[in-house]
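Visitor: Each chain, letter by letter, is given below.
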Amino acid sequence: MSFLKIASAHKAYKTPDGSLIHALDDVSLNVRNNEFLTLLGPSGCGKTTLLKCIAGFEDIDAGEITLEEQSLKGVPAHRRPFNTVFQNYALFPHLSIANNVGYGLDVARIAKKERNQRVEEALELVGLEGFGNREPKQLSGGQQQRVALARSLVLKPRVLLLDEPLSALDRKMRENMQIELKNLQHTVGITFVFVTHDQEEALAMSDRIAVVAQGKVQQLAAPTEIYDEPANEFVANFVGTSNIFSGKVVAKEGRLLTIETANQRQVRAKSDQFDRGDLVELILRPEHLKLTPGGNGIPDSCIEGTVEASVFVGSDLHLHVNVGKGRTAIVHHRHNRGDDGERIEAGANVKLYYSPNAAHLIKAVGG
Amino acid sequence: MTSSDTILKRKRRSLILLLAPFSIMLLVFFLVPLGIMMVYSFLEPGLYGGVEWNWYPYNYGRIIGWPLNDFEEFEPIYLKIFFNSLQIAIMTVIGTFLLCYPAAFWVSRMQGAKKNFILFLITLPFFANLLVRIYAWLLLLRPTGFFNSVLQSAGLIIEPLDLLFTNFSVIIGMVYILTPFMFLPIYANVEKLDYSLVRASQDLGANPLQTFRRVILPLTAPGIIGGSVIVFIPALGNFIVPSFLGGSKVQMTGNLIERSFLQSRDWPFGAALALLIMASVVVLIVFQLSRQSKAEARGVS
Chain A
2 MSFLKIASAH
12 KAYKTPDGSL
22 IHALDDVSLN
32 VRNNEFLTLL
42 GPSGCGKTTL
52 LKCIAGFEDI
62 DAGEITLEEQ
72 SLKGVPAHRR
82 PFNTVFQNYA
92 LFPHLSIANN
102 VGYGLDVARI
112 AKKERNQRVE
122 EALELVGLEG
132 FGNREPKQLS
142 GGQQQRVALA
152 RSLVLKPRVL
162 LLDEPLSALD
172 RKMRENMQIE
182 LKNLQHTVGI
192 TFVFVTHDQE
202 EALAMSDRIA
212 VVAQGKVQQL
222 AAPTEIYDEP
232 ANEFVANFVG
242 TSNIFSGKVV
252 AKEGRLLTIE
262 TANQRQVRAK
272 SDQFDRGDLV
282 ELILRPEHLK
292 LTPGGNGIPD
302 SCIEGTVEAS
312 VFVGSDLHLH
322 VNVGKGRTAI
332 VHHRHNRGDD
342 GERIEAGANV
352 KLYYSPNAAH
362 LIKAVGG
Chain B
133 MTSSDTILKR
143 KRRSLILLLA
153 PFSIMLLVFF
163 LVPLGIMMVY
173 SFLEPGLYGG
183 VEWNWYPYNY
193 GRIIGWPLND
203 FEEFEPIYLK
213 IFFNSLQIAI
223 MTVIGTFLLC
233 YPAAFWVSRM
243 QGAKKNFILF
253 LITLPFFANL
263 LVRIYAWLLL
273 LRPTGFFNSV
283 LQSAGLIIEP
293 LDLLFTNFSV
303 IIGMVYILTP
313 FMFLPIYANV
323 EKLDYSLVRA
333 SQDLGANPLQ
343 TFRRVILPLT
353 APGIIGGSVI
363 VFIPALGNFI
373 VPSFLGGSKV
383 QMTGNLIERS
393 FLQSRDWPFG
403 AALALLIMAS
413 VVVLIVFQLS
423 RQSKAEARGV
433 S
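Protein chains in written order, with the numbering used here: chain A, 2 to 368; chain B, 133 to 433.
Simulated from the structure, these hints should not be mistaken for lab results. Quick caveat: nothing in here was measured; it's all calculated off a predicted structure. It cannot be assumed that every hint is accurate.
Only some residues are given here: those of chain B computed to face chain A with a beta carbon under 10 Å [unchecked claim]:
#1 Ser-333
#2 Asp-335
#3 Pro-350
#4 Leu-351
For lysine-lysine, the following PhoX-like pairs were computed, each having C-alpha atoms within a straight-line distance of at most 25 Å [as the list claims (entries may be wrong)]:
#5 B/Lys-426 with A/Lys-15
#6 B/Lys-426 with A/Lys-113
#7 A/Lys-114 with B/Lys-247
#8 B/Lys-324 with A/Lys-138
#9 A/Lys-249 with A/Lys-291
#10 B/Lys-141 with A/Lys-138
Backbone N, C-alpha and C define an ideal beta-carbon position, used for all residues, glycine too.
Could you put the whole structure together from the sequences, leaning on the hints where they help?
Guide: As structure tokens, then:
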């Protein structure tokens, strides 16, 4: 039995000038029970709209949302077994922390004794025991975030919806909360649907990621698969940085393909999916492109180029290498202190190579 | 240490300078007259207006029944008029609230130019003369006026209704002139109501009624209380509306005060009436404020 299922959901908004914006354009998604699913996409891609439709704040124009085969059509937000953690936390300013957390129990008319006990447990769960009597405005952003979590989790929802809950926190706090959220999800065993535009956040926390763009799910897969085998050019560029070269398969030996790029350069890649004559895009992550060491032992397929810019970012040197005909490859070169190799400056000539296993091929658009 | 002291001193001095004009105005034009009025209310009325400087607490006796002497007797009509004024003022607060509260939500959801236009319309009645506006109601409500002729020609009534010179007509007039005073504080409060809190309430399982009672009402309460206070006070002391739309049948304390000062020339009695109104307003406000702070301390649960 499927858990939370979104089937061909459509949602369009009218803009003030009368044109239509398709926030959801045939979105289908199966959320599994107890998983941490992230909806990842740029702002305006439809991910928040999808979350609102699941929560019941908005209706989809067409399609269906079902929970365990039961349609949620016409079920108002307050009757859905889902709770939301809002981007701005939306804590009630006129209520104490304990009354904020107890709000859902109060409106459900839970007996005082059980209510107080559950509020206490929820506050303990998020590490805020003893904060019950304070006011929301006396708490830091991170603490307010935890109250918002406790307020939702105390109701034991089937699904917890999180709308960019970490975006207002500073970087260090955000990284801590990522780990805590993941652990929390594990502890309570509730399905989390998490919306973010931050790819690192998505990769760090999720069991599965749905990359959303232009109202469509571009790819739904585990983080490693999203990163290593992006389904299309959008995913390759949005999640991490990618070097993408178009080319044509000119030879095939077993799984090893030889691809001729637009620059008439022959490069290698391994894949089962393509054959001679196919037009493909070759995707290479910057950390998989390596600089050949000087001297002998140069691998057979290497690319020559000139460094246009060299950016020091701490752990890595980011090199922008001109590989001819205006194409630039981005290389992340590990910066090791004490290496005999000196810093590579702009203007240097370098040779790049990669393992054919590291290259990922996708079908060329229109090919 | 010393430098921060001098900065503090300088700050305090500039604060005093900034507050001085307002404080002086308040003192000269409010506190001093209030003091004079308070003193007058305990003096003997002069024969042709003014006062005789004799201790004379019996002005209050006429109104509340104590203390009395051989000349002054308790006249319950004054208390009756006072309680009727109280009733009219409370009904005015309720009437303006019922009109303004939903309207404030409606206007706050509008966009840009349209919103400003509506806000302009709400303040528009201020531009017309008060007497003209009240007189217009006289024409609308009288037996041969607009409402009665419409109802009669529609066959709903045979005899014209007594709309004019009733509590009803006075309340209508009061609601009409005091609506902006209720609307603006409520609107200012509703305008900054965070709708994500309404969403959060729904999300946590509250139905629309619960959301209203537990989130919207408490968060807009400051505006409601503010609007109620500044409608209640002028409504209680008003004498223009009752003298036009109440005629001789509906008297309010404001009319009594006006008559004591201008017609019967009994200044001390007018002063005593005015102070009683003021005292009752102060008592009501203090009561409301203490209840409110208690509710805040409890956390409205």
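Visitor: Now, for every hint given, state plainly whether the structure supports it.
Guide: Right, here's what the structure says about each hint:
Here the hint on B/Ser-333 is kept, as its CB sits about 7 Å from the closest CB of chain A, short of 10 Å. The closest approach between the C-beta of B/Asp-335 and any C-beta of chain A is roughly 5 Å, which is under the 10 Å cut-off, so the hint is satisfied. Annotation: B/Pro-350 was flagged as interfacial toward chain A, and the flag holds, the nearest CB pair being 5 Å apart, inside 10 Å. About 6 Å separates the beta-carbon of B/Leu-351 from the nearest beta-carbon of chain A, less than 10 Å, and the hint is met.
Restraint check for B/Lys-426 and A/Lys-15: the C-alpha separation of about 47 Å exceeds 25 Å, so the hint is violated. Our distance criterion of 25 Å between C-alpha atoms is met by B/Lys-426 and A/Lys-113, whose separation comes to about 21 Å. Restraint check: the Cα-Cα separation between A/Lys-114 and B/Lys-247 comes to about 48 Å, which exceeds 25 Å; the hinted pair is violated. With a C-alpha separation of about 17 Å, the suggested pair B/Lys-324 and A/Lys-138 falls inside the 25 Å cut-off, and the hint holds.
A distance of roughly 23 Å separates the Cα atoms of A/Lys-249 and A/Lys-291; the hinted pair therefore holds under the 25 Å criterion. Using a Cα cut-off of 25 Å, the hinted pair B/Lys-141 and A/Lys-138 is violated, with the two alpha carbons roughly 32 Å apart.
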